[in-house]
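Student: Chains as they are written, first to last, in the UniProt record's numbering: chain A, 1 to 448; chain B, 1 to 575.
To be clear, the hints were calculated from the coordinates, so they are not data collected in a lab.
Misleading hints may appear alongside valid ones.
What the hints assert, rightly or not - List of simulated lysine-lysine pairs, DSSO-like, C-alpha gap at most 30 Å:
hint : chain 1 : residue 1 : chain 2 : residue 2
1    : B       : K318      : A       : K122
2    : A       : K112      : A       : K173
3    : B       : K318      : A       : K97
4    : A       : K377      : B       : K318
5    : B       : K131      : A       : K135
6    : A       : K177      : B       : K131
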Amino acid sequence: MDMQFDSDGYWNRSSRAAFSFEDEDDEIDGISTELPSSNWDNNGIFSDDSELPTNNYCIQISIKDLLTEEALKEVLHEQTLDDRVMAKGVSAEEELKLLRRQVQSTLYPNVKATTHKLMQGKTTSLEMYKSLHEKQQLLDSLLANGGGGHAIIAVVLFLKRTLNSAQFHGILKQRPKVLQEYLSFLQDCGDISGHIELLQRFGRHQEAALKQFQAAIELADPSGRKHQLQRLVDAYATAGVGIIPLYEQVFHAALKMQLLLEKEPHLVADHLTPIELLYACCQRNGNWKEQDMLKLISPQRFAADQQISPAQYEWTALNERAQAQAYADLECIFERIPTWHPLKTKQFHISFDLASAVQRLYELQAPATVLQLFLSKMSNSNDKLNLARRVKCIKAVIDAMAGLKQQQELIQLKETLPDRSEEKFYCENALKTLQSKRWTTDNIKLKL
Amino acid sequence: MIRSQLGTFQTLMKQMQTLTEADQQTPDLAMKMYHIICVPSCFTYFQTLLEQNGLWGLVQLHHYNWDFIYLDEGVLSLELPNLYECLYLHGNTSSLPAVAQSLRLLQMICGQPSMILSYGSHSERLLEMLKLLGNASRHPSSMDYGAWLILDRDKDYPSSLLTPAIYAGLLLEVFHQRAGEITIDKSHNKISTQRISLLQGQRREEKEERKGAAQSSSIKLNSDSDEIYGDNRYKHFAQVSSLIRGQVKALGLELQKLNDMQLDEMHDYVARKLPKLTELKAKVLRHLNASEVVIQMLGNFRRLQTLEEDILNNVSRKRLLTEIDELLTTDGQRYNTLRLLCLLYLCAGISPEELQTFGRNYCNMFGHRELPVFQQLARAGLLPQLLAEKKAASTKLLSQLPLPKFQQTEFQANANRLRLLTSFADNQPEGSPSGASAARSSNATSSASQQSCPSFVFNGTYIPLVAQLCSILLKTQNADELATKLAMIEGFQLHLPNDTSFTPKTYAAHLKTSATDQDQFPITQRKIFVFIVGGANYAEIAACDLVAKLTGATITVGTDNLMAGSDLIAAAFKH
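Bound conformation, chain A alone (with noise of 0.2 Å):
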């Protein structure tokens, strides 16, 4: 029993044996601790640093260690958001002296110290820049200094509320990089109608544009983004700024996808993107071998009205028929009689990769007739045989045989079959074929 309860003690104290890191607030000195503000309770940077070794996360050492006073002042100092706090314990004098600098700054306006205390992130009064001058050196000064964006927004704002409009965007005109900045902020602001009032002013029409559209697919009440959509595409076409055709085109189909679900409610989940919608089409065609053009929703009508491309249109037909192990409408799919001469026959056809469509019938457990007929269609024949023994499909591995003319392997593979199967008579038949040299072009040769 006693030995019992050890080894429970073992386990028990097992999980926490290697490593430690409880002790880490511990290190936290005199220094720190007075000083709420500090920000050294991140001992990584000290580890790293120190060329101590790494993995000793217990490091005793004194921030003195690290930095000089005068450093740490500093490092404290630019902490403090409000420079007007005074420090207790000052002298009178040094207390004058303090307030006699902070009386002038608020009287003239020094750009140098306000753009550094702007940049330090510290309340700063911008009321004394009165003059378009002063103002506008007070910009520049921030943009020369490398002008970090919320220091150039406060600056902005500021003009925003003291300047008419004519003179706010004349000085936004001259410097681009001040707009980028404040459009980035009207954005972030969640103000769109000023953002694309903003774009429009300065000639940027066609992210506006985009803007718009963005703005009008998020609202929420159909009929609204409906309206929206349609006085877009409208003012888009007219407007004379030149059409980008990616964005007219999108704008079109968003435009008739809002008619369609308007039109056939039942389809409704909102917000679908255009296959998601294509494949619930798929999903209520009946009639795969000839679609009613005429119907909204037939799943060619809907490719075509919303510009799927042929590749997209199949892959989703494919998998949704492959879904509904409605395997026989895939026929109807992927063979069309040939626009260029309408007498001929049915051709198959297909627009993307034969292999990844056989691998993906294959993942939804197509039955294997089906796979060989899609593998059927492969002209190398080292690739199907590689495909098909990967899909398990054997007629198919037969026919790759057959084609590779590699009587050995059929016999080899002939054995492993189970007697009286299909496959057992369809690679005997594969087989005699094959040894019947009749139609080899040797052969044929030979005679002439």
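Once you've looked at the hints, dock chain B against the given chain A.
Tutor: Only chain B this time, still in chain A's reference frame:
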């Protein structure tokens, strides 16, 4: 505590407004009712917004910059996930000052480097801000890094866009990562969320089953706390997965031994070994799970890789385009397919018309609402700008002129100058004139083991720019040599501690004329700190690690966030 994002801040303000309206008492202004901590910095205009919303005085703003976080040996991160999106997509530089502050703090601790090499506009802005912040009064004793290298993400997109071949890189590719920890969840990961569920090959019932079994665990990507990860992180994935399988088998044998033991022996064994063993087993199992999911998710990895290699070397552009299009149809992944297209654009160029057809198919697949993505990516320089039709007339005229068809993209030109494409370099005769990179290419040819060339992270097709620059810095003997190596490429800036900056060429010239300045090359302190503005990835880190090993130096990679290529593209979707 919020991230410094305007959107979050505004929702917060709205919530507070409703709260204060409900509370009719006149608030005591001295008593701050709410405190908001912004990470990493508090934007100046937040105060203005507070005032506008009538909340001034009620809310106290604080900021907290957590600076670099140590993720792993040689990997530091600021964990600012939205920086790429802000900088490169929206042109919003609000977070840069905070980064500059963190960098300066690092300078205070580690001492100023003898020089900083920057490449890219954001990097230069960072350095300008560093200058404005004033010289750090540095610790007298320490001068840890010989050189700093600061580089923009957009100068080396391919190393993000290519699929890495190393273990750590692929883990990041498939699983969600946060502060150096990945979550393994069998039913849900980065790649499966990119697909449209309807077109997936599995039967419904199967899916249900998987849902039941789903449980998540996590792996810490830190070589100190996880020795298996530490051993394997920068190895080729195929190697790693077989290694892990081997370990599992070994563990099984070890446990079998237990059955044959005497009682005393067993007790002793349980006491000393078993705890460690069980811990190890748990870890190995986690890695096994992870690698299995990776294999399952990446599917036809080899095909992807040959495709990527062809893109890099620009082999028959037309075929590549159709292949990408087919991938979109048969295995459409929201981000990764787009990522291939971006790679193609960078390496071989795409005409607006080609983008047009792709965009059409893409919108069909993922919905019309994704249309703005193309504009976003164009802004980041990942895709061409779509042009309005009225200009079409002139381009048509141009295309009718008998211009030479072959056009090099900027990427290709630069990559060739720096010898980044190793599969090309292999074909070149050994001993070509320019020192270090010739040594590299001969390295690649002479030794069959890929481990000797940093390009192993991409199966030997491409060397990340950072790694190449590091090795150039470490191997250069004098300023002239550097000048010749980097002369062809615009945008490099050398910054010296005394606040002067040169291009490599003018620096070499300057040294000849001035008597006071010493040549900083070769770098005496064999330590380099690399900072990538806009997200580094594990391929780059691994490549740097190898360069460091080859040259006997130490390279620390710092960044704002670790990002896989799909994260990069995903950023464009958050409009």
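Student: Looking at the structure, which of the earlier hints fail to hold?
Tutor: Numbers 1, 3 - these are the hints that the structure violates, sorted from lowest upward.
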